[in-house]
Amino acid sequence: MEKKETVFTKILEGKIPGVILHKDDLVFAFMDSGQVNPGHILVATTKPYETIMDADEESASALMRLARRCAIAVEKAYKPDGVTLLQANRPAGWQTVPHIHIHVLPRYENDDAGLIWPRKEPGLDAMKKYAEKIIL
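Each residue of the sequence shown is one higher than the last, beginning at 1 in the working numbering.
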C-alpha cells in the first residue's frame, strides 16, 4: 500500500501533538482534539486505510476490538448515560478525515450532540428488492 500521510499518521508519528492512549502494530487510540464531551476518543488503524472497505480483515477487526475496549474504559471513567460509536466512510457518509477511524463518544442526556437520520420506511417488498442487489 502506498504510504499516505494524514493528520492521524502525523499524530502517531509524533509530527504533531496528540494524546495517545494505546498503540500497537494494527491500531491506535487517541483523544479527539474536538471533544464533543470529555473522554471523546478516536480509534484508527496504524496503516492509513481511507475507509472500512479498504482495510484488511485483521485491521478492521482490531479496530472494533480496540473501540470496544475504549468504550468500556470511557464508561468506567466518565459514567455517561450512553456511548456512541460512529464510523463514517467518504465525505457523503460524514467522514472528515480520509483515514479509517471510530469515534468513541460518551453521551449524556441533553448534551446537544445530534445526528440527523431521516428515517424512511419503504415496506417489505422494496426492502427485498434492495437486498437482492447485495451479495455477501
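There may be inaccurate statements among the hints.
[To be verified] Keeping only pairs whose Cα atoms sit at most 16 angstroms apart, straight-line, the calculated EDC-like set for lysine to aspartate or glutamate is:
hint : residue 1 : residue 2
1    : Lys-47    : Glu-57
2    : Lys-79    : Asp-111
3    : Lys-10    : Glu-50
4    : Lys-15    : Glu-5
[Unchecked claim] Derived CB-CB ranges, DEER-like:
hint : residue 1 : residue 2 : range
5    : Lys-4     : Asp-24    : 14 to 22 angstroms
6    : Asp-125   : Leu-86    : 42 to 50 angstroms
7    : Arg-68    : Lys-129   : 30 to 38 angstroms
8    : Asp-25    : Glu-109   : 33 to 41 angstroms
Read the hints as simulated data drawn from the structure, not as lab findings. Quick reminder that beta carbons are idealized off the backbone N, C-alpha and C, glycines included.
For each hint, the structure was consulted:
no., hint, result
1, Lys-47 x Glu-57, "holds, 13 angstroms"
2, Lys-79 x Asp-111, "holds, 14 angstroms"
3, Lys-10 x Glu-50, "holds, 15 angstroms"
4, Lys-15 x Glu-5, "holds, 11 angstroms"
5, Lys-4 x Asp-24: 14 to 22 angstroms, "holds, 20 angstroms"
6, Asp-125 x Leu-86: 42 to 50 angstroms, "violated, 31 angstroms"
7, Arg-68 x Lys-129: 30 to 38 angstroms, "holds, 34 angstroms"
8, Asp-25 x Glu-109: 33 to 41 angstroms, "holds, 39 angstroms"
Going down the numbered hints, you'll see the structure goes against just number 6.
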